Amino acid sequence: MRSVIFRTVAPFLTGLMVLFSIFVLLRGHNAPGGGFIGGLIAVSALAIYGIAHGVETVRRAIFFHPMAIAGAGLFAATIAGLVSLVARVPFMTGLWIYPSVLGTEIPLSTVMLFDTGVYLVVIGAIGSVALSLEERGGS
Amino acid sequence: MEAWFSLLVGIFFAVAVYLLLSKFIIRVLLGVAVLGNAVNLLIFTGGRLTREVPPVITGGADVLAGPAANPLPQALILTAIVISFSFFAFLLVLAWRAYDDLATDNTDEMRVAEPVNEPAPPLGY
Amino acid sequence: MDAAALTFLALGLPFVAAAFAPALTRVLGHNAAWILALAPFAIFVHFAGFVAEIAKGEIITGGYAWIPSFNVSFSWLIDGLSLTFVLLISGIGALIVLYSGGYLKGHPQQGRFFSFILMFMGSMQGLVVSDSFLMLFVFWELTSITSFLLIGFDHGREAARRAALQALVVTGGGGLMLLAGLLILWNISGITQFSLLPAFGGELKESPFYLAVLLLVLGGAFTKSAQFPFHFWLPNAMEAPTPVSAYLHSATMVKAGVYLLMRLNPVLGGTPEWQILLPLFGVTTLVAGAALAVRQTDLKLMLAYTTMSSLGLLVMLTGLGMPHALEAAALYLVAHALFKGALFMVAGSIDHETGLRDLTRLGGLRSAMPLTFAIALLAALSMGGLLPSFGFLAKEEIYAALSGFDRRSMVFAALTMLGNALMFAVAFAIALKPFIGPKVHTPKHAHEAPLLLWLGPALLAVTGLAMALMSGLAHRLITSPMATAVAGQPRSVSVSLMPHIGVPLVLSGLTVLAGIAFYLNLARLRAAMTVILADIGWGPDRGFDQFLRGLVRFAVAVTRRLQGGRLDVYMTATFVLVAVVLLAVPFRYGEFPRAPFFSADVPLHELAIMAIAVAGLFAVVLAADRLTAIVSLGIQGFAVAMIFLLYGAPDLAFTQFMIETLSVVVLALVMTRLRLSPSDHRPLGEKLPDFALALACGLGFGLFLLKVTAAPFDATLTDFFNRYSKAVAHGENVVNVIIVDFRGTDTLGEIAVVMIAGLAILSLVRLRAGSLQRGEPVEIAAEEAKREERA
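Read top to bottom, the protein sequences are chains A, B and C. UniProt numbering puts the first sequence at residues 1 to 139. UniProt numbering puts the second sequence at residues 1 to 125. UniProt numbering puts the third sequence at residues 1 to 791.
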């Protein structure tokens, strides 16, 4: 598995896949994609990087403990639901704002935050599983 | 078309059940994985089949008009896939740890939680 | 603040006080009792404010909606009956809190005790003012639970644990019967409030469900009020500290059953069943309790059995249906609460000061404890029904009710006299024997009880005397309104201390004479009772042990059979049921789908993908080595993904692709550690039944799906999502909008599940090898440290 070509390509592949996963996450609301799929793509990226360079490298690269990422995701998703309570609408009602940045209108919503939460939970939880198994499988 | 899918779903279920009935944890695991797919296909077909047109609103329209695939079962299945994977991974690790500790893959011999000659509970107060 | 809000606060106050009790006791020690007693005292004052209104014949109701859709409310009803009860509960409650301050002085858990007893007080108070059925039931069970805590307060001893459990099982079980009875009542009448029930009474007595309601309600009342043969928990409950016995087991909780019967008397009463069952059980309990009391030498146990006796008398009077009977019940209930509470506290004081409570070993305390002696005598006068006590009035009224010359009256009068005479003997045995005679040696040096210990019983005994001396006022304010509420029609009590020559006085005199005779021959009576009881052998108390033991053994046997610990048996049972449901049910109702039509115009590539999926499945089943199994599993998964893609579900297809990839990776990682063959090395004979069952399940699901797809499709939900996805949720991908917006709360739960699964896997991976079998604690910290070291 640890051929020179694979090890050379893996960082770029991982970077590209993570970028792609964010793209898939963001376009999810209007085209096939979304938090679940994006998260899974990112997990695959991490898994590939782990196979190529070892799990420790990945753990250092993502900096946070994967479960912390998952926890942050769950927190974000819950907050996305709670925001609607502040606006006096039922829990989990989608709210949208359209701020203008440099002349371009950017749609932001609690729904987007929620989907990002899903994305992070999937990365964190499933990534944690994959990494810990790789760690043990290799040793 | 539904007839073919019913046949396929039936085969999926039969294989899943057959694997689950085995006494060996690996086969039970494989059965769980297949069962997930079986159930997903069952829900998918139950929501009726439409070829090739995803439920995505296109061309600036406000509603999804015309024949398109049913989005509801898809939404149900999408989360189900991820959850059944989590469940599968959990079972896998559990089986691995159980095998490590008990040195057996036969469910008959895995009796930590329900030992064969469990003493009766105490009768005092 | 209006009266309704204040009443609501009064209902909650004991619980608030209970929450603060431990902290307060930590700071103030036993003197916290003075502050905590303010809570019941405030409640007493609040409800005392209603006395004038109630005496005028008014009924006060109030409350708030609780579950409006089920017509359930949190509402109270204050009439003569509940007012008398609530005054007794809060008044005696305040005194009991003070008494426990002295009795448990220095006990390390005194704060907890205060907390329990205040919670009990709140529950009991809620019970007697409840107007709605459900509220009554909730408070009813709360009294069972809090009494469990109080009886088992000294939980280091097995006897206390047993007594607590026994009380909980008997009274809690009775509570469930009561719930069933109330639910039937609710169903046939559509009424959920006691205050509306009397209007329905006539109709109810005609109902075919009348007997069921009656028996279930009696089941609740008789267990709570310790009627024979459910009486056995009451003497055992004497394991509790004496304040508990004085409060729960004389004045309040055991009276809850009597309260219920009195409350329902206008609704359920007056029928032949009512007038047979209640007096029969009541009089049996009366005589049995009095006879058992004579047998005892322990002060508390003697009092406990006479309590049982008195409860029997009250039940009998409630059901008798003669003139004066309900008035007598009202009088006796108040009198009993006052004298029995006082006597229990006296017994506790003697125990506390001498370290003894065995009648045969006590004596000569009159000089050491003169005040306690006076209180005991005053209370015993009332219990014995002598002038000038409130108990005398009650006894006069009882005999007035029983002074008829028909056979029924005469039988009940004779039995009541027997019971009363025995109780008379017990009363004076307790009030005289420890105090008179020569001084005996006691474990503790006896001296007069401190203020906290004599204040409560003294006030109760004096209240009894005062009510007797001012009987006109007491009747007008308390007993007449109470009798009116119990009877459901105006009643007025007029008996006074001035004895009228007549049959009641003769019966009363005979009782006293018999009582004196019993008192003088107490030791002989006790010996005789001991012999009789030894001949009977074991009673319901032993029966309870046998019952519990049998229950445990039965549960063990059933569990061993149903849950033998073999996974394949569970699996087989589950799937047999699945197959039966899927195949037998349509067969029974002729609902099999029509013969399927396998259309030929299916594109070749779709058939090919299905064929690949099937091939993958069979390869999984037949795989002989790990790699084949993993790859085959991957193949069927990817085939499913392809199917999703072809049928307009790109989201699903991508997810499935990713998941299958990850599955294969994870499987491969673990499988290298699990050096196991995936093939099924079992003999063919074991495989065949599994195969048949699997085939049946597959067939069942296939037919089920055919039937489903043949039915017309209800597209309401789909149309809703398609229509509003963009308009309301601003999203064009309907699937994603459903996941993150329309069904967002669902998804939140699902990602929580994913996260928890991740945590579980992580902890499993980190488990130290071998710890599962040896049951050692998991040393994650050590693992963590090792990992840090490596990093």
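Because the hints were derived from the structure by calculation, they are not lab data. Please read all numbers here as calculations on a predicted model, not as lab measurements. Don't take every hint at face value.
[Claimed, not checked] Some residues of chain A that are not near chain B, with every Cβ distance over 10 Å (derived):
no., residue
1, Thr8
2, Pro11
3, Ala61
4, Phe63
5, His65
6, Phe75
7, Leu85
8, Glu105
9, Pro107
10, Glu134
[To be verified] Here are some of the chain A residues that sit facing chain C, going by a computed Cβ distance under 10 Å:
no., residue
11, Pro32
12, Gly39
13, Val43
14, His53
15, Phe114
16, Val118
17, Val121
18, Glu135
The beta-carbon is built from N, C-alpha and C at its ideal position, and this holds for glycine as well.
request  = If any of the earlier hints don't hold here, list their numbers in rising order.
outcome  = Structure breaks hint 14 only.
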